[in-house]
Structure formats: structure tokens, C-alpha cells
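**Student:** Listed below, chain by chain, are the residues.
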Amino acid sequence: MSFYDDDLKDAPDRVDGRAKVMGKAKYIAEHKPAGMLYGYLVQSTIAKGTITAIDTAEAEKQPGVRLVVSHKNAPKLTIPERPVGARPFYPLMSADILFNAQPIAVVLADSFEEARYAASLVKITYSSSKADSDTRGMFEKALPEARVTPDRGKPLEVFATAEVKIEAEYTIPFEHHHPMELHATVAVWEGGKLTVYDKTQGTQGTAGYVAAAFGIDRTNVRVVAPFVGGAFGAALRPGPQLLIASMAAKLVGKPVKVVYSRRQLATAHGYRPASTQRIKLASDKQGKLSAIIHEAVHNTSSHEIFSEGLVGISRSLYACPNVKTSQTVARLDMQTPLWMRAPGAVSGAFALESALDELAYKLKIDPLELRIRNYAETDPESGKPFSSKELKECYRQGSEKFGWSKRKIEPRMMKDGRWLIGYGMATGTWFAGQSPASARVTFRANGTVLVESAATDIGPGTYTMGATIAAQGLGVPIERVTFALGDSELPPSPGQGGSTITSSVGTAIKEACEKLGTEFAAVDAKTDGSPFKDVAAADIVVENASIMVKGKPETKKSFADILTANNLPQLAVLHRSTVATAERSKYSIASHGAQFVEVAVDEEIGVARVRRVVQATAAGKIINPKGAHSQEIGGVVWGVGMALTEVTEVDDRYARIMNPNLAGYHVPVNADIPEIETIFVPEEDKIVNPLGAKGLGELGLVGIPAAIANAIFNATGKRLRDLPITPDKLIA
Amino acid sequence: MKPFAYKRAIDTADAVRLGAENGSSFIAGGTNIVDLMKEDIASPTTLVDISRLDLKTITSTANGGVSIGALAKNTDTANHQRIRTSYPLLTKAILAGASPQIRNMATNGGNLMQRPRCTYFYDVSMPCNKRVKGSGCAAINGLNKYSAIFGWSDSCVAVNPSDMSVALMALDAVVKVREASGKIRTIRFADFHRLPMNTPDIETSLKKGELIVAIELPVPRFATNYQYLKLRDRASYAFALVSIAAAFELKNGVISDARIALGGVAHKPWRAIEAEAFLKGKRPSDENFANAGELAIRGAKPLSGNAYKIKLARNGVKRALTDALNMGGTVAK
Ligand SMILES: Cc1cc2nc3c(=O)[nH]c(=O)nc-3n(C[C@H](O)[C@H](O)[C@H](O)COP(=O)(O)OP(=O)(O)OC[C@H]3O[C@@H](n4cnc5c(N)ncnc54)[C@H](O)[C@@H]3O)c2cc1C
Ligand code: SF4
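Order-wise, the sequence lines are chains A and B. Using our numbering, the letters of the first sequence correspond one by one to residues 1 to 732. Using our numbering, the letters of the second sequence correspond one by one to residues 1001 to 1333.
Treat the hints as calculated values from the structure; they're not laboratory data. All values reported here derive from a predicted model rather than from experimental measurement. For every residue, glycine included, the Cβ atom is placed at its ideal position computed from N, Cα and C. Keep in mind that the hints are not guaranteed to be accurate.
[As the list claims (entries may be wrong)] Taking beta-carbon pairs under 7 Å as the criterion, some of the chain A residues facing chain B (in silico):
no.: 1; residue: Ser120
no.: 2; residue: Glu604
no.: 3; residue: Glu649
no.: 4; residue: His666
When you get a sec, could you build the whole thing from the sequences and use the hints?
**Tutor:** Okay, structure coming up:
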């Protein structure tokens, strides 16, 4: 579907859309409790060493300045025990510098401008040592592999004697999320109780983190994040500003706000680690894969081990009897990396799906056909059946809509004036997870419904998802439903990561609605002559804000009537959904997709443009087609950036990020993005969760960079294995 | 950002008087100076607001050219009927820059005065001769993908970021400047911006406090066969890796005069004089355009990370000339 299609006409609009475009949705930095001071961060200008002196005299003399907080006067926090080798960064705890642009002080003043100016006057002296941020040679620098995965079959031997083989190395640079909303915290202490408005993807995880740091009871911390202006993983770990604002507020006895500036933001959180991957593929002459060898290394920091799974995709995507994977990390003197949209999977898929394309050319087999010949009907790693997998149908419908059959196999054969045209495709997959979650659903006498969960909505449309499920679950118009979220004091929810909020919180809401039906039946059953006496929960049908006994429409009673009859203002149910782990473990559970891309390349001047994308997705039940469409086109946009424009540039002499702003870090602009068509192939899946819905947020990105690079090869005959594919590389 | 005083100039005389004061700086559209202040690169103690001065009109000059007010907005200039029809190369160059929102704020004078975008210049923790004299140039042996291939010196390798200036260079513009004495001085565009030499902090030939009042263009030429080609890292809203303003006059199928200026390659817009001279008297053809491209890059000196710019410039010149030909509707041979 494309944006104006009829398919989307009746799908609910974003319930928070109006507030957002009207400026009424209050983001973190817009909270302003009485008496609040403004904090402005000072960041280190070296990457490794120690602070030998910190001179705040000049800064403190400035009008409006209240205090400068650094490791010298910050309250000591409790840093939880961590495994050996891990020293998570806690801000302002010591004179040590672990990465460049590390926050080392905060200036508190009556106004933002005063704080910012004074921050520029804080003088720091360091003793500095040589830092390493060089992403070349990471295989050589790598730590021993932490968890060795046993080989499947005999990959090395088979590869050595295979009929057809390819071997290639792929590199991906550091990339940053650069969400619209900056990392920010407003911290308010009232007695021993702390309330923080914090940019976070998980209010309760964050609450636990701050409570532990201050050694206070978790119930004394409240974390509020009603609107999150994009995060993509950047706020999966608490940002340093959270503790800094909380410490500062404690010291000055006033609420404190700390907001990262755009320039500062690149080290407020981690980033997609830089990676190098080596792939070897072997097959017979018909393209049947006989061996996959996939070795990957990506960077971590000097103080922590961060590892994301790049090579897993090589074990799960294709049926291949002999597979070897290994993955290591190399320490660099940088901030610790962090999950960024489709972490691991998109990096791994860029390598595997490019390599498969290389093999297809070697074999002179259509790349789509090659994938079908190696289709995994069952999970090749575990042998388990898939709970559902309509990938073949994605291939079929996607290729048909795209017109894949018109593709010329040989490169440089399709032209449009000066433009060389290329078609490329790739496959994506993402594990469909689910976590336990809770939701409270309240039906009020005036016919409105309140849904509550601590979950956040970082932009994918969680508000709308929850409202939709409750509206459907209770049979009420969506306008009557309010979803309150983003508050750690609401019913428990996992953090928003890994595309699992719909399957987790959505399931809780669905089940809570069912439970509310039985609750209404139970209330009614207490009255004389109630048809719901001794009726099993399974026989109670909820529709149109009413209940009835299954098959007996004459028993229908509206919620409102039951409330009135019993003199109740409302009825609420708090429900915790569990995960059917035993049942799930019998299956392999994932969403899948196929991406088809047309590019046009003007070789003479180094320009590549994506012209057309068809994104076919099989992700179980689609809760809201509009939201789903939006997620999938968002994935494409992200993939265009990863393939063609995005790179965090680091000067290795200083281990310092040199383009930490939106002028230098090129995310795609509208002019880079063509019409994107999405197809949702229906999947009936009773195993994944009671909703039958799998995640969408990451999936849509996974295959895109490879599909684009493959299309560029089809256009030009040039295999570019180092992202992003910018004009300097195209023209070389 | 340092605290500063704000003053509004009531007329151009007032502006040059205030502009001459120690620590003062003009603000016009503010799209560059405010950024520089926020990043602590510029720290004026007084901002002299010139945005309300009566220098916004676009009028004909006595010799048949046009005078463009220094405070006319980029958007209004690009879309002005006279500019669109008589100097379309300028329209095209302006519209290739920044974003509509920024062009709505940006003034012509400010555009000419905008400072380089070198990433080290923008990071006050880094050595940079342009920002702090004698501190060294971090780019020359560092990240220099975006740096110069012409005219750079050991003290600075930054490039001028303006698109508008590239077209003005090609069109033989002159800049009218009000000196402190009240006198109006005329500066040839080619002399307006400077190479870095060993004073990279000095980017133009304006003296402290001098005010650009207008930009003048000669009698319209090059309005049929022209192209402004901007090559960049994404389709829009990025500074040029290399940009090319190319135009020529055709008489009986022969090029009677040609203009080629390059952006993104030097500390000032770079005129490809040899290539222009070569084209004079030639017929437009692939081969001649390719030769012009070769001549345009003669003398280019790459740094560790920007050799690609030489190819981009060479091919870009050829392409821009080809586009210019096609634009004019004359059949290529
Ligand atoms: C995100 C972004 C992207 C951009 N992309 C591009 C691009 O692709 N191409 C491009 O060409 N430009 C680009 N620009 C730059 C933009 O064109 C300039 O910022 C703008 O033209 C400056 O004009 P202004 O009136 O806002 O100048 P101001 O910011 O007001 O002033 C800039 C400087 O000029 C001086 N000044 C202003 N007027 C006069 C005068 N009459 N006489 C003497 N001195 C004067 C000021 O003192 C100051 O030093 C971009 C800017 C931004 C912020
Ligand atoms: S190139 Fe110029 S602006 Fe850049 S660091 Fe060197 S001196 Fe500074």
C-alpha cells in the first residue's frame, strides 16, 4: 500500500497526532517545575586520561550561576556490582576520562543562557594518554570470543572443496540515532522522593536504575515520559543527564533540568558499533548452499563489553547444512555502543545478503531464485517448525508488484538516459519476542475507557495501538478510549525495545479487556435473575461495550447498565499477561520480509538515487495498517541513510566525533526518498502471542542496505562493500 | 555563548559607525552569525542589527545591469523576475543552497560573508588557525574529505561554502561596499574572497566595520546556456562536495564566450580561466567539454582524503557544460 491508498482510509489515525502537530504534546525538556534551575554540561576534550584540575572560579562568578557540579562535589552514588571487565560509566564519579566529550561537570544557573555561557568558562586540565578509535584492524585487536557457537556440520572442509564459492569483507562505520528529541531530564526531589521527567524508552527500568544509584527504595522514584520524540534505541540505557540532573537537584535543593545540546548528544548515548565482517559462501552449481562462514567483529568500549548479534542471521535465514559463525568485539576508547534500530540484524544482513547477491552473479542465477532454492522451511539451526512464515509469499507478491521479472541479470544493461538502472533485493528477519506486561483497563459509567501501562511511546504509535486494541476488545469507538502511559507508577511494562511492545503490552490490554467482560459478568451475576450466573468465562462474549452469553443474544447487557444497576462509577481490571514460554519454545518465531529496490546511478558524477522500493512484510496480524505502513516506510528511510549517507566521522588522532550535528551527519532528506510501497502478507499465528502480532519496527530496515548495494551492483557492476555508498566511493 | 549588547543601525552611516567599534559584528538574517556565537566561535560583544536597513531592493543600473540589495533575502533574490529571466544561473545557484526556511532568512550580504564549514573550525576544542591564530590546522592531516583541492596553504585547507558566490563569480559581479568614511568602494568579485595564505582568519577584502550595500551584475549574458550543478552527499540540504557554475554564449554554433566557476574546491569560488579560454571559439561537443573539464582541474592538489574531488570537478564541468547546451535547446554535435 502507499500512503493515499484506500486500504488505509479506515485505519485509525494516530490518537496523539493532533496533540503533536499542535505543540500540545509535552516533551521532556518542556517540563518546568517551579524554581527550576538550568544545567548545562561541560564535556571533556580528550578521550583518555584523567582530570588533574578543574577551575570553576570564573564560571561561578557569572551572574545567575548557582553551582558547578563535578566529580569533586557530586554526591557519591552506589554503582552496582558488575561482571569482571565491566565498569559502566557513571557520570561525575571520578576524574577518569573514558571517552571524548564525556560529561565532566554541569553548571547550574537561573537561565539556560547563563548556564551555557558559564559552562564555556570552566577550565579543565588533563593528563592525557593515547586513545585508540581506529576501526581498521579490529579482527586483530579483538578480545577472545566470549561464547563460541559450535559449527553446524563441517563448514571449513566443505568450503575448501566446494564447486562454487565467494569470499568478501564488508564494513559498516559508526552510526548515530540522532532522534529529534534531545536527551533531557528534569529532576525534582521532594523530601526523600525523586520524580524525574526523563527521555527514556523504559520508565520502570530507569526508575530502578536511579533508585539503586541513590540507594533509595524503588517506590521513592517516579519516572515520567509521556512523549518521547524518537529514540530508536538511543534511550534504552539511561543517559548520563539523568544522574547528573538528579545529583545536581539534590545538591542545590531545587528542581534541575539538564538537556544535551545537539552537538553534545553524540556521546549522551551509544551508537551502532563499527563492524567488519568476513563471509564465505559455497554452493553447488545449482546454487544450493553447502557452507556459510560468517565472522564478525565490532567495537566495544574500553570500559564495557557491548555485543550485538551480527552473525545469527547466517544461522537462521537459509537452509544450509554447514555453518560456522564467530563474533568478537574489539575495545576502542569510545563511549560504549548501544542498540540502534535493528541492532545486529541489519549489519549482519548487509553482509550476508550482499554475499548472497555476489554468489548469484557467480552462478548466473537470479538472486531471488537463489533465495528460494535455499528457503528454510524449518529453522535450520534448531530444526523446529516456524510458528508462521510467509516469506515465500513476500517474495512472490513483492517481486510481482515490483516487476522483478523485467530485471536484466547482467549489470549495466538497464538505462534511462544518463542513468544506469539497477534492481536489487534482499531478505529481512527479526525475532518476534514477547515479555510479560501488565495493563489496567477501566470502563467508566459515562462510556469512556481508560487504559494504563508504564510503557513508553517513542513514536511507533503505541498510544494508537493500545487504544485500538481496547476499542476492539470492548467494542467501543476508539475516540472513547484514553491510553495513559509513560509513567513508572502505572502497571508494569517492559522497556520499548526489540519491537515487542505491541506483542507484550498489546496482549496485556487484549486480555485485560476480556477479563473486564468476565468481571462485569461477575458483578451482574450477584443480582437476581442474572443470566451470567455460573457461566464459564470462556462463554462470555464482549461486544459493543456489552456482554452476553455465547449463542444467547437475548442475554446481552451493556456495561453502562450493569454499572448503573449496581451503583458503580466504574469497573477496572488490572491484568498481567504471561508468556506461553513452553508452547513458544516448540517453535521458531520470527517476522520476515522481502525488499525490492530500484536505483538509478549517474556514474560520471557519482550520484546514486533510490527510485522505487517495494517492501513486503509478514509479521503476523497487523493491528493498525496505517501505523504498520508508517513503520515499514520508516525502516526503508533508515536503510537509505545507512546505505547511502550516514556515517559518524571520528578523528582517530583525538578519538573524537567530528560531525556531531545534523549538518554534518547526513540523514536522508525528503528528496532522497522515493515512493515506497508496502505489502502486508497475512499470517495466522496462534503461537506468537494471543494477539497473533509480531513486531514491525526493526524488521523493515533489515534488508534495505543490502538491497540498495545489490541494486547499485546491478546498475554499475561495482560491488561496494563499505557503507555508506557516497559519491566519493561511487566515482572512485 | 557570550553575553552581548544589541544595537539597531538606523541607516548605513550608523551601521558603519557601529560596525567599526571594537568587538561589534553585524547581524543580518542571523542564520550564520548566531550559530557561530552559539558554538563560541564568534563572540561579539555587540551585535549591530542591519536587517532593517533600506538595502533590500533589486533595481536596474545605468549601464543596463542590475543592482541587488545586500539585505534582500536569498529567496526574494532568486525569485525576482529580473533575476529569473536575465540571470537564471544566479537563481539556480541560490536555490541549490540551504533550505527554503534558511533562504527565507538569509540575506545576500550575509551569504557572501558566511564562514567556512570546516568541522574543526566548528569545534573549539580542536586546533584551527582560522579560529585561533597559530594553533595549527587540524584538517590538513585529519578528516579532509570536504577540504580544498586548489589554493590551500599549510595554514588552512577550508573551502568557501556559498553557492550563490559561485554564480556571482561566473557572472563577473562586483560588490559595493560602504567604507567607514562613507565612501562607496567597488570590489571585483574575484577579489572579494581571499585565499587562506598564512592569514586564514581573513576571508574577504572587507575591512572591519565595512558594510556591503549591494551586489551588481553587468549587462545580462549567459541566460540561455547555463547550468549550476551541485554535487553533494545527499539529494538536498547539504553543502557542495563540488559545485559548478557553467555558462556560455553561442554564436552560429560556436562558443563566443564561456564562464566556469567551481565551488567547494577552494577558500574562494574558483574560476577555471584556462578552461573558459579553451572553449572560446570552439563548437560545443563532448570532446571539447571533456577537455574543458581536464583544464579545469589542472593544478589541483589533493589532500589525503579528497582526491575524489578532482574527478568530481572534472566530470562535473563536462556535465554542467553539456546540461548548459541542452538547456539552450541547441543540438549537440
Ligand atoms: C543548516 C544550514 C545549511 C546551509 N546550507 C547552505 C548551502 O548549501 N549553501 C549555501 O550557500 N549556504 C548555506 N547555508 C548558509 C546560508 O546561506 C548563510 O547562513 C546565509 O546566507 C547567511 O546570511 P544571513 O543574512 O543570515 O547572515 P548573518 O548570519 O546575519 O551574517 C553572517 C555574517 O555576515 C556578516 N554580514 C551580514 N550582512 C553583511 C553586510 N551587508 N555587510 C557586511 N557584513 C555582513 C555578519 O556580520 C556575519 O559575520 C546554510 C546554513 C545553514 C544554517
Ligand atoms: S582547514 Fe582552516 S578552518 Fe579547518 S582546521 Fe584548518 S585552519 Fe581551521
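**Student:** Work down the list of hints and note, for each, if the structure agrees.
**Tutor:** Consistency of the hints with the structure:
no., hint, verdict
1, Ser120, "holds, 5 Å"
2, Glu604, "holds, 5 Å"
3, Glu649, "holds, 6 Å"
4, His666, "holds, 5 Å"
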